[in-house]
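S.K.: Listed below, chain by chain, are the residues.
Protein chains: 2
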Amino acid sequence: MLVGSIEAGGTKFICALGDENYQIKDKAYFPTTTPEETLGKVADYFSQFAVEAIGIGSFGPLNLDPHSPKYGYITSTTKPYWQNTNFVGYLKQGLHVPIYWTTDVNSSAYGEYVVSKRKQLPVDSLVYYTVGTGVGAGAIINGQFVGTIGNPEMGHTLVKRHPQDRDFTGNCPYHQDCLEGLIAGPTFLARTGKKGENVPLSDPVWQIIAYYLAQAVMQATLILRPNKIILGGGVISEELLSKVRAEFAPMLADYVEVPDLADYISMPAIEHNGSAIIGGFALAEQALWSNQK
Amino acid sequence: MLVGSIEAGGTKFICALGDENYQIKDKAYFPTTTPEETLGKVADYFSQFAVEAIGIGSFGPLNLDPHSPKYGYITSTTKPYWQNTNFVGYLKQGLHVPIYWTTDVNSSAYGEYVVSKRKQLPVDSLVYYTVGTGVGAGAIINGQFVGTIGNPEMGHTLVKRHPQDRDFTGNCPYHQDCLEGLIAGPTFLARTGKKGENVPLSDPVWQIIAYYLAQAVMQATLILRPNKIILGGGVISEELLSKVRAEFAPMLADYVEVPDLADYISMPAIEHNGSAIIGGFALAEQALWSNQK
Chain Z
0 MLVGSIEAGG TKFICALGDE NYQIKDKAYF PTTTPEETLG KVADYFSQFA VEAIGIGSFG
60 PLNLDPHSPK YGYITSTTKP YWQNTNFVGY LKQGLHVPIY WTTDVNSSAY GEYVVSKRKQ
120 LPVDSLVYYT VGTGVGAGAI INGQFVGTIG NPEMGHTLVK RHPQDRDFTG NCPYHQDCLE
180 GLIAGPTFLA RTGKKGENVP LSDPVWQIIA YYLAQAVMQA TLILRPNKII LGGGVISEEL
240 LSKVRAEFAP MLADYVEVPD LADYISMPAI EHNGSAIIGG FALAEQALWS NQK
Chain U
0 MLVGSIEAGG TKFICALGDE NYQIKDKAYF PTTTPEETLG KVADYFSQFA VEAIGIGSFG
60 PLNLDPHSPK YGYITSTTKP YWQNTNFVGY LKQGLHVPIY WTTDVNSSAY GEYVVSKRKQ
120 LPVDSLVYYT VGTGVGAGAI INGQFVGTIG NPEMGHTLVK RHPQDRDFTG NCPYHQDCLE
180 GLIAGPTFLA RTGKKGENVP LSDPVWQIIA YYLAQAVMQA TLILRPNKII LGGGVISEEL
240 LSKVRAEFAP MLADYVEVPD LADYISMPAI EHNGSAIIGG FALAEQALWS NQK
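Residue numbers (numbering that gives the first Met the number 0), protein chains in the order written: chain Z, 0 to 292; chain U, 0 to 292.
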């Protein structure tokens with residue numbers, strides 16, 4: 000069996016071809032230009048192969064409501080040319096296969112979920128945070144995505160200020176003191192004059208970032224009680240995760256039981272930012288099954 | 000059909016008998032003394048009637064893990080005599096009917112959920128916060144309770160301090176600046192020297208409480224994306240809800256769409272704190288059905 004997976008990002012689209020074991024058989028990259036050009040290349044790419052279904056994890060915001068006439072659209076994005084784009088509709092014109100449509104963070108979360116399941120780990124629910132240009136998260140409970148009236152925006156919950164970070168303005172144009180505004184990639188430049196990858200781990204800014212991430216983990220823990228919380232994206236490293244665990248433990252104060260923190264708060268199991276593509280394969284299979292029902 | 004419902008609180012147990020329309024046919028109150036005495040009275044009460052199943056919403060913490068040998072227990076409560084009490088096991092000795100076991104906030108949430116469903120309101124998911132001696136919440140997504148490794152403890156997430164509330168110590172022995180520590184009933188006495196019911200609505204403390212509740216609504220909104228968020232319990236009034244809505248709107252800043260705030264953030268539809276008892280009837284039915292499968 001061959002299935003397709005699309006990770007649609009603001010800079011590039013990654014398209015991949017996989018088998019029933021989620022092994023990548025082929026892969027292609029297309030720059031994100033206009034919907035006509037980029038989606039045209041995506042459709043041409045998949046039409047070369049006998050894919051049975053496609054899973055899409057896309058940048059957003061998205062319309063995910065199957066009852067809406069705008070289901071399958073990218074809606075109010077700030078990305079030029081992509082506002083109000085009928086992503087799924089465009090692909091369905093050329094590719095007559097079932098399509099699973101979700102957010103990039105949801106497909107990443109799903110990739111990690113299915114890999115845990117295949118390893119027979121006791122993971123029925125997990126949260127996947129990604130920290131890069133922005134902060135997003137996907138959440139799965141008992142194999143289902145969380146979010147009834149729309150997808151979660153867990154990167155925009157408010158957090159308590161770190162005592163040494165009271166003067167930083169925050170980078171989110173919508174919210175004062177939300178997670179994204181205080182920890183996303185661009186905040187490193189704003190705070191230190193350097194990009195995150197150039198800020199040494201000895202810099203106190205990492206302690207501040209860890210404090211905010213620990214609050215995100217606290218929120219996810221107390222609201223969702225998942226088996227696992229994964230932190231991924233350009234800003235995350237094992238060193239940072241150690242700091243997050245060290246901040247989180249006294250913050251939770253053993254109020255509820257959680258798994259061993261080294262397992263509970265972890266990097267993605269799928270390396271090289273590949274979670275979304277693997278998730279797309281698994282979601283393509285889901286689309287196929289639900290189509291066959 | 001007759002089903003039983005138990006709302007087990009730290010002060011009293013409410014037991015009720017209901018029909019298939021969740022109409023209360025009989026009701027009894029027993030003070031919470033020792034497990035033997037109180038559960039004995041509960042068992043005696045229900046053994047008078049031909050109940051087919053019982054739903055329990057209990058104070059906690061509880062063991063809700065069906066795979067655990069301690070399933071059905073109240074575990075590490077501070078309530079004298081009730082630590083490590085096999086609540087479900089005790090009742091099953093005398094009453095040979097299916098029992099649904101969950102938290103008091105979950106049964107309240109479920110009561111509100113089934114009432115919405117019966118009114119054919121578009122509510123597939125909801126969150127029920129209760130603010131009284133403590134702060135707790137139950138969350139339902141697509142008819143299922145949230146919480147894989149244990150029940151949520153949404154009353155203990157951290158919140159940003161209100162600028163006029165920086166000096167208040169907070170009342171939670173576990174967490175600095177958690178919701179419960181800043182808004183539960185006892186905080187009124189600590190802040191104003193008066194009990195909450197005696198603090199006039201003109202007192203600025205209500206604005207502070209509304210600010211923290213708006214942050215709770217913000218967390219629930221961005222993490223769970225529910226159709227509805229209900230605030231119940233002794234501290235809540237329509238006047239307070241108006242303040243919460245007024246704080247929440249600029250906080251969210253239209254970042255995601257939510258229903259009209261007058262519907263979205265509301266008091267319980269079931270009056271006189273009756274949500275948990277109605278929820279217990281519906282959960283008893285669930286226990287019956289899953290037993291018949």
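Note that these hints are calculated values from the structure, not bench results. Careful: at least some of the hints might be erroneous.
The list makes no distinction among identical chains, and a pair is therefore deemed to hold if it is satisfied within one copy or across any two copies.
Said to hold, decoys possible - Listed below are the simulated DSS-like cross-link pairs for lysine-lysine, each with C-alpha atoms no more than 30 Å apart in a straight line: (1) K194 with K118; (2) K118 with K26; (3) K118 with K78; (4) K116 with K69; (5) K194 with K159; (6) K193 with K116; (7) K118 with K69; (8) K24 with K242; (9) K159 with K193; (10) K242 with K159; (11) K159 with K91; (12) K24 with K69.
S.K.: Please go over all the hints and tell whether each is borne out by the structure.
M.R.: Hints and how they fare:
Within a single copy, K194 and K118 get their C-alpha atoms no closer than 36 Å, and across copies no closer than 54 Å, so neither meets the 30 Å cut-off. When the C-alpha separation of K118 and K26 is checked against a cutoff of 30 Å, the pair qualifies only within one copy, where the shortest distance is 25 Å, while the shortest distance between copies is 50 Å. Taking the shortest alpha-carbon separations for K118 and K78, neither the intra-copy value of 38 Å nor the inter-copy value of 41 Å comes in at or below 30 Å. For a Cα distance limit of 30 Å, the shortest separation of K116 from K69 across copies, 26 Å, qualifies, whereas the shortest one inside one copy, 33 Å, does not.
In this homomeric assembly, K194 and K159 come within 30 Å of each other (Cα to Cα) both inside a single copy, at 24 Å, and across copies, at 28 Å. Taking the closest pair of Cα atoms, K193 and K116 never come within 30 Å of each other, the shortest separation being 40 Å inside a single copy and 53 Å across copies. In this assembly of identical chains, the alpha carbons of K118 and K69 lie at most 30 Å apart only when taken from different copies (27 Å versus 37 Å within one copy). Proximity of K24 and K242 under a CA criterion of 30 Å is satisfied in neither setting, with 38 Å inside one chain copy and 56 Å between copies.
Taking the shortest Cα distances, K159 and K193 sit within 30 Å of each other both inside one copy (24 Å) and across copies (28 Å). In this assembly of identical chains, K242 and K159 lie within 30 Å of each other by CA distance both inside one copy and across copies; the values are 17 Å within and 21 Å between. Proximity of K159 to K91 under the C-alpha cut-off of 30 Å is found in neither arrangement, the shortest distances being 45 Å within a copy and 46 Å between copies. For the identical chains of this complex, K24 and K69 are neighbours neither inside a copy (33 Å) nor across copies (48 Å), given an alpha-carbon limit of 30 Å.
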